[in-house]
Amino acid sequence: MTSQALLQARTKSTTDEHAHRGEEIFVTLSVADQLCGIPVLAVRDVLGPQTITRIPLAPPEVAGSLNLRGRIVTAIDLRRRLQLPPAPTGAIQMSVVAEQGGELYALLVDQVSEVLSLPSRQFEHNPPTLPAEWARYSTGIYRLQGRLLAVLDVARLLALSTETV
Amino acid sequence: MDDLLTDFLTETNESLAEADLALVRLEQEPEDAATLSLIFRLVHTIKGTCGFLGLPRLEHVAHAAENVLGRVRDGALHVTPDLVTSILVSLDRIKLIVAGLAANGVEPTGDDGPLIANLDAISEGRAPVAPTAPPAPVARQIAPPPTPEPAPAAPVNEQVAPAAPPPPQPTIEAAQVDPAASEQALASQTIRVGVDVIENLMTLVSELVLTRNQLLQLARSQENSSFTGPLQRLSHITSDLQEGVMKTRMQPIGNAWNKLPRIVRDLARELGKKIDLVMLGAETELDRQVLELIKDPLTHMVRNSGDHGLETTGERRAAGKPETGRITLNAFHEGGHIVIEIADDGRGLPIDRIKSKVISKGLATEAELALMTDEAIQRFIFRAGFSTAAAVTAVSGRGVGMDVVKTNIERIGGTIELKSRPGEGTVFTIKIPLTLAIVSALIVQAGDERFAIPQIRVVELVRAREGMAGNVSADASAETITSLVERINGTPVLRLRERLLPLVSLDRLLRLREPAHQHARVADAASSTDRPDGMLTIIVAQVGASQLGLIVDRVFDTEEIVVKPVAPVLRHISMFSGNTILGDGSVIMILDPSGIARASGIAGSADGRASSNTAAGTMSGSTTDLDKTAMLLFRVGEGDIKAVPLGLVARLENIPQDRIEAAAGAPVTQYRGRLMRLVPLSGAVDMQKAHQAVLVFTDAGSSATGDRRMGLVVDDIVDVVEDHLHIELCGAREGILGTAIIAGRATDVIDTSFWLTQAQPDWFEGTADTGAARGERPRLLVVEDSDFFRQMIVPVLQAAGYDVTAVPDAARALSLREGGAMFDAVVSDIEMPDMNGLDFVRTVRANGAWAELPMIALSGRVGDRDIELGREAGFTDYVGKFAKEALLVSLRQCLSQAYQQPLRMVA
Numbered sequence: 003m004t005s006q007a008l009l010q011a012r013t014k015s016t017t018d019e020h021a022h023r024g025e026e027i028f029v030t031l032s033v034a035d036q037l038c039g040i041p042v043l044a045v046r047d048v049l050g051p052q053t054i055t056r057i058p059l060a061p062p063e064v065a066g067s068l069n070l071r072g073r074i075v076t077a078i079d080l081r082r083r084l085q086l087p088p089a090p091t092g093a094i095q096m097s098v099v100a101e102q103g104g105e106l107y108a109l110l111v112d113q114v115s116e117v118l119s120l121p122s123r124q125f126e127h128n129p130p131t132l133p134a135e136w137a138r139y140s141t142g143i144y145r146l147q148g149r150l151l152a153v154l155d156v157a158r159l160l161a162l163s164t165e166t167v
Numbered sequence: 046m047d048d049l050l051t052d053f054l055t056e057t058n059e060s061l062a063e064a065d066l067a068l069v070r071l072e073q074e075p076e077d078a079a080t081l082s083l084i085f086r087l088v089h090t091i092k093g094t095c096g097f098l099g100l101p102r103l104e105h106v107a108h109a110a111e112n113v114l115g116r117v118r119d120g121a122l123h124v125t126p127d128l129v130t131s132i133l134v135s136l137d138r139i140k141l142i143v144a145g146l147a148a149n150g151v152e153p154t155g156d157d158g159p160l161i162a163n164l165d166a167i168s169e170g171r172a173p174v175a176p177t178a179p180p181a182p183v184a185r186q187i188a189p190p191p192t193p194e195p196a197p198a199a200p201v202n203e204q205v206a207p208a209a210p211p212p213p214q215p216t217i218e219a220a221q222v223d224p225a226a227s228e229q230a231l232a233s234q235t236i237r238v239g240v241d242v243i244e245n246l247m248t249l250v251s252e253l254v255l256t257r258n259q260l261l262q263l264a265r266s267q268e269n270s271s272f273t274g275p276l277q278r279l280s281h282i283t284s285d286l287q288e289g290v291m292k293t294r295m296q297p298i299g300n301a302w303n304k305l306p307r308i309v310r311d312l313a314r315e316l317g318k319k320i321d322l323v324m325l326g327a328e329t330e331l332d333r334q335v336l337e338l339i340k341d342p343l344t345h346m347v348r349n350s351g352d353h354g355l356e357t358t359g360e361r362r363a364a365g366k367p368e369t370g371r372i373t374l375n376a377f378h379e380g381g382h383i384v385i386e387i388a389d390d391g392r393g394l395p396i397d398r399i400k401s402k403v404i405s406k407g408l409a410t411e412a413e414l415a416l417m418t419d420e421a422i423q424r425f426i427f428r429a430g431f432s433t434a435a436a437v438t439a440v441s442g443r444g445v446g447m448d449v450v451k452t453n454i455e456r457i458g459g460t461i462e463l464k465s466r467p468g469e470g471t472v473f474t475i476k477i478p479l480t481l482a483i484v485s486a487l488i489v490q491a492g493d494e495r496f497a498i499p500q501i502r503v504v505e506l507v508r509a510r511e512g513m514a515g516n517v518s519a520d521a522s523a524e525t526i527t528s529l530v531e532r533i534n535g536t537p538v539l540r541l542r543e544r545l546l547p548l549v550s551l552d553r554l555l556r557l558r559e560p561a562h563q564h565a566r567v568a569d570a571a572s573s574t575d576r577p578d579g580m581l582t583i584i585v586a587q588v589g590a591s592q593l594g595l596i597v598d599r600v601f602d603t604e605e606i607v608v609k610p611v612a613p614v615l616r617h618i619s620m621f622s623g624n625t626i627l628g629d630g631s632v633i634m635i636l637d638p639s640g641i642a643r644a645s646g647i648a649g650s651a652d653g654r655a656s657s658n659t660a661a662g663t664m665s666g667s668t669t670d671l672d673k674t675a676m677l678l679f680r681v682g683e684g685d686i687k688a689v690p691l692g693l694v695a696r697l698e699n700i701p702q703d704r705i706e707a708a709a710g711a712p713v714t715q716y717r718g719r720l721m722r723l724v725p726l727s728g729a730v731d732m733q734k735a736h737q738a739v740l741v742f743t744d745a746g747s748s749a750t751g752d753r754r755m756g757l758v759v760d761d762i763v764d765v766v767e768d769h770l771h772i773e774l775c776g777a778r779e780g781i782l783g784t785a786i787i788a789g790r791a792t793d794v795i796d797t798s799f800w801l802t803q804a805q806p807d808w809f810e811g812t813a814d815t816g817a818a819r820g821e822r823p824r825l826l827v828v829e830d831s832d833f834f835r836q837m838i839v840p841v842l843q844a845a846g847y848d849v850t851a852v853p854d855a856a857r858a859l860s861l862r863e864g865g866a867m868f869d870a871v872v873s874d875i876e877m878p879d880m881n882g883l884d885f886v887r888t889v890r891a892n893g894a895w896a897e898l899p900m901i902a903l904s905g906r907v908g909d910r911d912i913e914l915g916r917e918a919g920f921t922d923y924v925g926k927f928a929k930e931a932l933l934v935s936l937r938q939c940l941s942q943a944y945q946q947p948l949r950m951v952a
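Going down the list, the sequences are from chains A and B. Mapping to the working numbering: the first sequence position 35 is 37, numbers consecutive. Mapping to the working numbering: the second sequence position 772 is 817, numbers consecutive.
Since the hints were derived computationally from the structure, they do not count as laboratory data. Please note that the accuracy of each hint is not assured.
Stated by the list, open to error - Example chain B residues on the side facing chain A (calculated, C-beta under 10 Å, incomplete):
#	residue
1	Leu98
2	Pro101
3	His105
4	Val250
5	Glu252
6	Ile488
7	Asn624
Said to hold, decoys possible - Every beta carbon over 10 Å from chain B, so not counted as near; a handful from chain A, in silico:
#	residue
8	Leu37
9	Glu105
10	Phe125
11	Pro133
We put the beta carbon where it would ideally sit given N, CA and C, even for glycine.
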């Protein structure tokens with residue numbers, strides 16, 4: 003997915019056409035083979051593999067920082083955040099950039115795929131049996147054809163500082 | 046024309062224009078309180094400023110106008126077009142005067158009497174406003190020149206020059222200029238721009254500089270590129286632009302100094318001194334942000350120089366100096382920094398007074414001071430709560446002072462140094478960055494990560510050979526080995542010009558070798574190849590008064606960086622002061638030497654060592670300060686000096702090799718008719734030597750077991766020195782309590798209890814029968830804040846047959862009491878944090894189950910006065926630390942008395 007596609011999707015999402023039809027637009031991504039979605043309006047940018055500077059002594063979820071056109075962005079390893087096994091070495095990671103409290107964060111994921119417009123009738127709340135770390139960061143599930151898409155709560159994913167300090 | 050007047054004119058012109066507009070608005074909306082108060086404030090400001098500048102004409106006119114406005118504001122008058130006109134007329138008069146002022150630098154002469162009289166009349170509500178009021182609401186009308194009779198208003202809107210009626214006084218005409226033109230002239234010289242606009246520009250320029258740096262780096266790798274030429278130009282333009290934008294924020298340092306002459310004058314009068322203030326380089330410019338931040342520290346320092354630095358006139362005369370003391374301020378640029386010197390030709394810093402103050406404040410001990418350079422001692426004045434002024438004067442000496450100055454300066458990345466010569470004066474040198482936006486930083490590598498260290502914190506770079514301390518022969522004086530990294534318990538230190546520099550390995554501190562992240566996997570390979578010759582690169586960084594060595598793997602270039610704050614998620618990592626993007630586009634963390642020092646427990650000792658760490662109760666990084674202790678220094682293994690408190694050693698023996706025998710596979714010797722186990726500290730007895738140096742430890746023991754003895758075999762006995770036992774580094778190595786600087790050398794202090802049990806695993810157990818005779822072992826409570834000393838004393842007491850409970854502070858002891866615990870005697874330290882031993886004993890004696898227990902004070906201070914104080918407070922006995930025998934004797938006496946008859950020490 004290109005940044006341009008993202009831009010189009012964002013613009014599309016802001017028109018009420020979709021809201022009328024009870025649809026919401028998501029950027030879909032996968033992490034450890036799980037399909038996830040982030041509301042398109044929360045996504046600032048989508049990046050390919052980046053050079054990431056490690057930050058010693060940082061919380062384990064923090065993969066490091068990267069340079070996004072002159073701004074320093076903190077990279078968060080989504081796998082670690084969701085307590086999933088680490089990505090295989092050498093795997094290419096993409097990132098989804100989101101903003102929280104005026105700061106930019108890049109969520110490292112395995113793959114960013116298409117932008118989907120999903121009707122709300124396919125939405126369901128988290129099943130009670132969902133593992134705690136998922137239930138914590140997911141606001142609900144969309145039933146897609148043959149797959150389930152977990153909607154990630156960016157604000158909660160990025161609320162690192164309050165938990166670690 | 047002086048600057049003050051120029052500023053005033055600029056400001057007044059702006060205010061007048063604003064007031065004009067506001068008045069017209071007020072006329073339309075007479076009830077608009079906000080507009081009214083705006084006008085009032087503007088006029089009031091003009092009045093106030095001219096009063097200050099000595100401009101009576103302006104002041105009077107403005108005052109009269111303000112009165113009217115005041116009445117309106119109070120509701121006594123109502124806004125009418127006529128009233129507004131009168132105010133406008135007075136504003137016009139003000140403009141006229143201001144214009145004359147701008148042209149000639151002095152107020153034009155003229156008579157404002159009628160105008161003022163009219164305004165006064167209005168404000169008193171008696172005279173009708175009509176006479177002066179022109180019928181038309183003319184906004185831009187220029188005041189008619191003052192005439193006895195109010196002139197009929199000129200029916201023009203945009204007329205500028207005083208056209209019609211000829212002025213009655215020709216002098217005015219001479220002074221008159223076109224006010225509008227003058228306004229323009231002033232306006233064109235300066236424009237007011239919001240600080241945020243400039244800040245934003247500055248950020249953009251900073252980014253541009255970084256991008257330029259990136260391009261330059263790229264270009265360097267490609268020779269003969271066609272980009273080289275244009276890039277060069279771009280680079281120059283960027284530099285010029287950076288300079289230009291910086292200039293917009295620049296102000297001469299004189300702005301921060303302009304209050305000083307007055308302050309010094311008042312100070313001189315107050316103190317009865319003659320003081321000459323010389324200011325050099327007042328035109329030196331620096332960033333306004335920095336300027337604001339150093340204003341107060343500078344003022345404080347000048348006061349200090351006048352108050353403490355300079356002698357009284359009489360003293361100066363006696364010293365053969367000119368009566369008038371001189372304070373010199375000198376500012377100049379030096380390589381991206383501005384240097385400000387504050388010098389006085391006074392008495393210099395009184396080393397002796399500082400010393401006694403340091404000791405009385407407990408900031409350092411006498412022996413520590415003896416090892417310090419004069420400069421280091423003088424730096425104590427930067428400590429919190431330190432003031433050498435014998436009396437607290439109104440001027441300074443309030444105890445908040447130089448420490449605040451230093452903190453403020455360091456906060457903006459600056460440093461402060463001082464040089465003082467007795468009788469000749471003191472020079473403070475402040476070095477601060479020109480701007481806070483861009484700093485020069487040294488780029489280093491540790492592990493496989495790069496970091497930036499602000500250049501201003503870097504003192505020097507040292508290459509040192511990594512060596513085992515054992516390589517150093519004892520005779521080698523420190524001078525010959527200046528760059529050898531020694532290890533104490535694996536903790537590296539460097540002897541740098543006669544001082545012990547604590548070293549911090551950056552990769553270890555930042556845990557870079559841990560494979561916590563996938564990036565780290567090559568780190569180990571890198572580390573082994575990075576130092577093939579065993580040479581270490583050490584960056585000596587200044588942290589307050591102390592220095593710290595950072596071991597890094599590589600040092601790159603210096604680079605200009607723009608400091609950006611780290612993300613909130615990372616703010617808790619004190620080692621970083623920010624992050625930035627380097628020329629090659631990579632993100633890099635900026636190291637904060639102060640944070641590193643704190644994290645590694647180095648700078649913690651810089652302030653209030655006595656109070657801070659010992660209370661923590663942990664051995665790591667704790668510093669124990671006792672008064673002087675006799676320490677036996679000996680050598681073991683390959684030249685490593687170790688120490689043991691002499692008080693614990695019974696005797697020193699030199700035992701001939703042939704008298705050492707083996708029993709059950711371990712070396713023994715016959716000593717005073719009995720066998721004594723020998724424990725070689727190095728692991729094995731060197732059979733080649735003719736004699737073995739042995740430290741004999743004995744223990745009185747009980748009648749059943751007889752006294753126990755053990756010989757600790759060392760290579761040779763070096764010396765006995767009296768020094769402070771100040772354990773600085775603690776390691777987990779068996780048999781070693783920690784490391785102290787003894788006689789200026791890092792020395793391991795051995796853990797005697799460990800070695801005693803090596804000789805005889807039941808060393809501390811067999812004594813139970815001492816108490817068994819009485820049916821039980823006497824229970825002792827030891828209250829001692831020093832971990833080191835607790836570890837030292839507890840085994841000794843246990844060995845003597847006591848059941849010992851040890852707590853680190855009085856509070857815990859008292860909670861034991863509340864919990865119903867009972868002891869036969871209490872041994873307590875005197876100097877302890879929070880509640881000292883004297884207070885503790887008073888509390889115990891006051892009431893409760895322990896009120897009549899024998900209590901023995903154990904203290905490093907054993908002066909008569911101390912003992913007396915101890916007894917007065919309620920201690921049964923008072924024993925010096927390390928006086929092991931004395932303590933045991935005292936305990937025996939106390940306990941036997943206590944058993945025989947309850948003893949009342951306190952009436």
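Restraint: valine 250(B) near chain A, CB-CB cut 10 Å. Satisfied or not?
Violated, about 13 Å.
Chain B versus glutamate 105(A) - minimum CB to CB distance exceeding 10 Å, so not interface:
5 Å, violated
Please verify that hint: isoleucine 488(B), Cβ, nearest Cβ of chain A, below 10 Å or not.
With a closest approach of 13 Å, the isoleucine 488(B) hint is violated.
Minimum C-beta separation from leucine 37(A) to chain B exceeding 10 Å: can you confirm that?
The claim stands: leucine 37(A) keeps its Cβ more than 10 Å from every Cβ of chain B (closest is about 24 Å).
Measuring from the C-beta of asparagine 624(B) to each C-beta in chain A, is the shortest one below 10 Å?
6 Å, holds
Hint check: 10 Å Cβ-Cβ cutoff, histidine 105(B) to chain A
53 Å, violated
Does glutamate 252(B) pass the interface hint, meaning its C-beta sits closer than 10 Å to a C-beta of chain A?
5 Å, holds
Could you let me know if the closest chain B CB is still more than 10 Å away from the CB of phenylalanine 125(A)?
30 Å, holds
Measuring from the C-beta of proline 101(B) to each C-beta in chain A, is the shortest one below 10 Å?
Not OK, violated: proline 101(B) not within 10 Å of chain A, min 53 Å.
Hint leucine 98(B) vs chain A: min CB-CB distance below 10 Å?
The hint is violated - leucine 98(B) has no Cβ within 10 Å of chain A, the shortest such distance being about 45 Å.
Holds or violated: is the Cβ of proline 133(A) farther than 10 Å from all Cβ atoms of chain B?
24 Å, holds
Hints 1, 2, 3, 4, 6, 9 from the earlier list are contradicted by this structure; the remaining hints agree with it.
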